[in-house]
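Enquirer: Sequence:
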Amino acid sequence: MLTQRHLSPFPLTVQPVHWEYDISLALFPQPDVLVVPYEALLHNTELHGVRCGGTLLRCSACARSK
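Residue 35 in the working numbering sits at position 35 of the sequence shown; the count goes up by one each step and never skips.
Treat the hints as calculated values from the structure; they're not laboratory data. Cβ coordinates follow ideal geometry from the N, Cα and C atoms, glycine included. Among the hints, erroneous ones may be present.
Label-pair restraints from in silico Cβ distances [said to hold, decoys possible]:
1. V33 - F10: 17 to 25 Å
2. V50 - S8: 13 to 21 Å
3. V33 - S8: 12 to 20 Å
4. V14 - H48: 17 to 25 Å
5. H6 - P37: 13 to 21 Å
6. H6 - G49: 17 to 25 Å
Turn these sequences into a full structure, and let the hints steer you where they fit.
Expert: Structural data, given as structure tokens:
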């Protein structure tokens, strides 16, 4: 989400894409803050110097970029 400006940061091999509706998940212009409330265990991670809370960045693409 941080580098892709998209609400679904998963690679195409993991998640199917409905191309007609994909543009609705794009974030243009990129927001300064995005809050996505959900229930999960507390988890903090850092990606390219940006601190992220939650489990949204637990994907294979994000793990490779650390």
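Enquirer: A separate judgement is required for each hint: does it hold in the structure or not?
Expert: Now for the hints, and whether the structure bears them out:
1. V33 - F10: 17 to 25 Å: The hinted range 17 to 25 Å holds for V33 and F10, with Cβ atoms some 22 Å apart.
2. V50 - S8: 13 to 21 Å: holds (18 Å)
3. V33 - S8: 12 to 20 Å: holds (18 Å)
4. V14 - H48: 17 to 25 Å: holds (21 Å)
5. H6 - P37: 13 to 21 Å: holds (19 Å)
6. H6 - G49: 17 to 25 Å: Holds, since H6 and G49 (Cβ atoms, about 20 Å apart) stay within the stated range.
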